[in-house]
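With chain A's structure known, arrange chain B on it following the hints.
Quick note, the sequences are listed as chains A and B, same order. Last residue of the first sequence: 454 in full-length UniProt numbering, with the numbers rising by one and none dropped. Last residue of the second sequence: 454 in full-length UniProt numbering, with the numbers rising by one and none dropped.
Per label pair, the in silico range of CB-to-CB distance:
hint, chain 1, residue 1, chain 2, residue 2, range
1, A, A287, B, R291, 20 to 30 Å
2, A, D161, B, V96, 16 to 26 Å
3, A, G83, B, V96, 50 to 60 Å
4, B, A239, A, R174, 33 to 43 Å
5, A, P325, B, D350, 55 to 65 Å
6, A, R174, B, V6, 39 to 49 Å
In silico PhoX-like pairs for lysine-lysine, Cα to Cα no more than 20 Å straight-line:
hint, chain 1, residue 1, chain 2, residue 2
7, B, K211, B, K155
8, B, K155, A, K211
9, B, K211, A, K155
10, A, K211, A, K155
11, B, K155, A, K155
Keep in mind that the hints were calculated from the coordinates and are not lab data. Cβ coordinates follow ideal geometry from the N, Cα and C atoms, glycine included.
2 protein chains.
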Amino acid sequence: MSADVVALLRAELGERVDTRPASLEAARADKSGHAATGLPLAIVNAASVADVQAALRIASATRTPVVPRGAGTGLAGGANTGGGEISLSVRAMDRVIEVRPDDLLAVVEPGILNADLNALLEPHGVWWAPDPASRAISTVGGNIATGAGGLLCAKYGVVRDAVLGVDLVLADGRLLHLGHRSVKGVTGLDLTSLVIGSEGTLGVVVGATLKLRRLVEGERVTLTALFEGVRAAAVASAAVTASGVQPAIMELMDATSLAAVHRLLSLPAPPVGAAQLTIQTDGPVAADEARVIADVLTAAGGHVSVAADAVEGEALLAVRRAMHPAMETLGTTLIEDVSVPRSALPDMFDEIARIEREFGLVIPAVAHAGDGNLHPNFVFDGPDVPAVVWDAAEELFRAALALGGTLTGEHGIGVLKRRWLADELGDDQWQLQRDIARVFDPLGILNPGKVFAP
Amino acid sequence: MSADVVALLRAELGERVDTRPASLEAARADKSGHAATGLPLAIVNAASVADVQAALRIASATRTPVVPRGAGTGLAGGANTGGGEISLSVRAMDRVIEVRPDDLLAVVEPGILNADLNALLEPHGVWWAPDPASRAISTVGGNIATGAGGLLCAKYGVVRDAVLGVDLVLADGRLLHLGHRSVKGVTGLDLTSLVIGSEGTLGVVVGATLKLRRLVEGERVTLTALFEGVRAAAVASAAVTASGVQPAIMELMDATSLAAVHRLLSLPAPPVGAAQLTIQTDGPVAADEARVIADVLTAAGGHVSVAADAVEGEALLAVRRAMHPAMETLGTTLIEDVSVPRSALPDMFDEIARIEREFGLVIPAVAHAGDGNLHPNFVFDGPDVPAVVWDAAEELFRAALALGGTLTGEHGIGVLKRRWLADELGDDQWQLQRDIARVFDPLGILNPGKVFAP
Numbered sequence: 001m002s003a004d005v006v007a008l009l010r011a012e013l014g015e016r017v018d019t020r021p022a023s024l025e026a027a028r029a030d031k032s033g034h035a036a037t038g039l040p041l042a043i044v045n046a047a048s049v050a051d052v053q054a055a056l057r058i059a060s061a062t063r064t065p066v067v068p069r070g071a072g073t074g075l076a077g078g079a080n081t082g083g084g085e086i087s088l089s090v091r092a093m094d095r096v097i098e099v100r101p102d103d104l105l106a107v108v109e110p111g112i113l114n115a116d117l118n119a120l121l122e123p124h125g126v127w128w129a130p131d132p133a134s135r136a137i138s139t140v141g142g143n144i145a146t147g148a149g150g151l152l153c154a155k156y157g158v159v160r161d162a163v164l165g166v167d168l169v170l171a172d173g174r175l176l177h178l179g180h181r182s183v184k185g186v187t188g189l190d191l192t193s194l195v196i197g198s199e200g201t202l203g204v205v206v207g208a209t210l211k212l213r214r215l216v217e218g219e220r221v222t223l224t225a226l227f228e229g230v231r232a233a234a235v236a237s238a239a240v241t242a243s244g245v246q247p248a249i250m251e252l253m254d255a256t257s258l259a260a261v262h263r264l265l266s267l268p269a270p271p272v273g274a275a276q277l278t279i280q281t282d283g284p285v286a287a288d289e290a291r292v293i294a295d296v297l298t299a300a301g302g303h304v305s306v307a308a309d310a311v312e313g314e315a316l317l318a319v320r321r322a323m324h325p326a327m328e329t330l331g332t333t334l335i336e337d338v339s340v341p342r343s344a345l346p347d348m349f350d351e352i353a354r355i356e357r358e359f360g361l362v363i364p365a366v367a368h369a370g371d372g373n374l375h376p377n378f379v380f381d382g383p384d385v386p387a388v389v390w391d392a393a394e395e396l397f398r399a400a401l402a403l404g405g406t407l408t409g410e411h412g413i414g415v416l417k418r419r420w421l422a423d424e425l426g427d428d429q430w431q432l433q434r435d436i437a438r439v440f441d442p443l444g445i446l447n448p449g450k451v452f453a454p
Numbered sequence: 001m002s003a004d005v006v007a008l009l010r011a012e013l014g015e016r017v018d019t020r021p022a023s024l025e026a027a028r029a030d031k032s033g034h035a036a037t038g039l040p041l042a043i044v045n046a047a048s049v050a051d052v053q054a055a056l057r058i059a060s061a062t063r064t065p066v067v068p069r070g071a072g073t074g075l076a077g078g079a080n081t082g083g084g085e086i087s088l089s090v091r092a093m094d095r096v097i098e099v100r101p102d103d104l105l106a107v108v109e110p111g112i113l114n115a116d117l118n119a120l121l122e123p124h125g126v127w128w129a130p131d132p133a134s135r136a137i138s139t140v141g142g143n144i145a146t147g148a149g150g151l152l153c154a155k156y157g158v159v160r161d162a163v164l165g166v167d168l169v170l171a172d173g174r175l176l177h178l179g180h181r182s183v184k185g186v187t188g189l190d191l192t193s194l195v196i197g198s199e200g201t202l203g204v205v206v207g208a209t210l211k212l213r214r215l216v217e218g219e220r221v222t223l224t225a226l227f228e229g230v231r232a233a234a235v236a237s238a239a240v241t242a243s244g245v246q247p248a249i250m251e252l253m254d255a256t257s258l259a260a261v262h263r264l265l266s267l268p269a270p271p272v273g274a275a276q277l278t279i280q281t282d283g284p285v286a287a288d289e290a291r292v293i294a295d296v297l298t299a300a301g302g303h304v305s306v307a308a309d310a311v312e313g314e315a316l317l318a319v320r321r322a323m324h325p326a327m328e329t330l331g332t333t334l335i336e337d338v339s340v341p342r343s344a345l346p347d348m349f350d351e352i353a354r355i356e357r358e359f360g361l362v363i364p365a366v367a368h369a370g371d372g373n374l375h376p377n378f379v380f381d382g383p384d385v386p387a388v389v390w391d392a393a394e395e396l397f398r399a400a401l402a403l404g405g406t407l408t409g410e411h412g413i414g415v416l417k418r419r420w421l422a423d424e425l426g427d428d429q430w431q432l433q434r435d436i437a438r439v440f441d442p443l444g445i446l447n448p449g450k451v452f453a454p
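Excised from the complex, chain A in its bound form (with noise of 0.2 Å):
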């Protein structure tokens, strides 16, 4: 049966179908640590709209679930691809079709970087928003199906606020063109959202039509701020946003996850326990909106600095964005992804501290403050997570729901967190949930075992 499967996407789709170990080794996993248990049939590299529906045709008439993937750069197994699957690629679908600074949107193939995308767009005056930590290495495509945050979300906006329209391929094959190329357009209902963080469960994204903005004019100030601690940090943080200066970036290091970031970069020791808020204000009152916002830091307790200018901001926001490689040196890491009202930041700090002595472990946190979104870091020896790490990390969801907020800011469901959805949303809207899911793919192929498994 599994041999019959290959050999009919080979029939149809000859050199796009990939069966060499290390590939199908490579398809089992993605950056979350999780790998999926036993090996894929197969990976389909799709060159094209025809190629995806030619593949899920046929996974169709098979009964065979397929996994869409983009980079596999994904932090909860959503696109992780185990025995009896197939991998279907669109990372090779990476044209931008069309690019239109007049109307502020592009058509692009879902396999294109972020960072890619973005260069090319440079020179036409216009961005996408979305700015993943991933951006050098996630697809659109990637970004969509996850629906992505990152650094600018709280000033320029999610996923979800930068995609006009989406190209889907249903499970039996069939192409839909959802959404629409006008700012606004209320035509039926919003399956564009809908699609938008859906982790492949509904359809595999084909084409994208993003909402551009305009590049950014005016200078980047970008400044420091060093605390006692990160509760702190955290208060300052929320004293930021409360003075209503919005900056394009706000995040908070805690001392853990300073101190290992600093030696990984051979910068000087930070002091003991000290926390750190770094921020950037831009566009044409940046420098303005920096001192109103140093004044507020100050009067909060913090020790500020000012990069004397921009070689020197990005040398300040590099000790940020070097997070996850300084994790990496202190062994293997869950990174956790819950997101909070912004007030609440500060509160939950309190409840990764007292997860920490209860459970004891060390949980570095870094936030996107300006967003409320926390990525505490479990860090543990050897591949699979401990038992106590998944005890404390549910100890943290919970702490999160309690205060107002959700399981996941930006990563997603996937695996890793499918056994608490329910927990999130209720029994009703669970079920409700799934069974919209199956309108898309009755006979459930897409991503079976992610986000909605029991």
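Just chain B now, with coordinates in the frame of chain A:
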């Protein structure tokens, strides 16, 4: 049977059930000019979520159609209630439950008027950006149900951009809490977005968590530019968009509209054939932006007048705001709502001129030129839309679709555009959307005959 339903409603909801003839007559219609056939069974004036749940449980048990209603200001007939149906009004649920300026959110009941909400928010230094022209008389719940837009959308977004979560009562009376309170959140499918613009087909919105903005600081600068004709004005508006300066408001009035408003307001008649752009900039660099825009407009052949102060600026905008009353002086009006990519605005006005010639009609048109949303007004005598007007409207829809546009930018499908819905969506997507609605409402009792009616 009908008597039984009303008796059941009265037994449960008492004085909340209104069957007075004048009330029933009013519930047949909205502001579209269209009215449903027959009289509703009853109006339920829900005062609480429990009232909505009770009414829907009775409706489900008796298979009675329910039409959710806010203030009845819709322009597509979506809230019109006819024979054998219950009109379920949430207008009396108008409390603001919570305002959090620090988290930039508010939790509200659906029946509050948009303008009343913003009056309550202003002392907190925040506002809810969606600003349909009806904002003084339309409810937040209705704005959500239609996915409303307005004048400020190109700069400040539409309803879809301004809602974090929705509380929804399903057809069977169950209450779901959709969405989240945090800036980011990708837990499961984005059902909040699916409900926005669903026109009462998925459930009854009984609460909403709204995303707020801080009040815009700085001055507002208002200017107008007169052009020889509507095409020149449309080309100039596209030039403004292409210049990269983002006005808060950019409204276009064609010659017939402008002349009618000047007559209504007893202003001097504009030059024959002249069309007008009315533009407002705001924020810290409003004056600089207005200067750039004035230069663009002058270069495009416009005669520019800049308001000396805010009072004069409001007077200039009042001309645009008097459009609807001015049309009412001409006859009965069918207000259309097509939306096209901004660069296609001049071509769309050419199409309107062609349709005027071919069908022997005068079609006064205004446009939210900043976002490509046009409101051509078909004016006729008597209460019913003549066949020639529908034929011309159909030609208008086809032209908008051919230019990459959409049937409805902000008013919705309701009853008036349902027969063209599949033309835009395609048959496959139309059926998929209908099947999704059935997941929420298996008995098909929610607003039957609207949006998806065959």
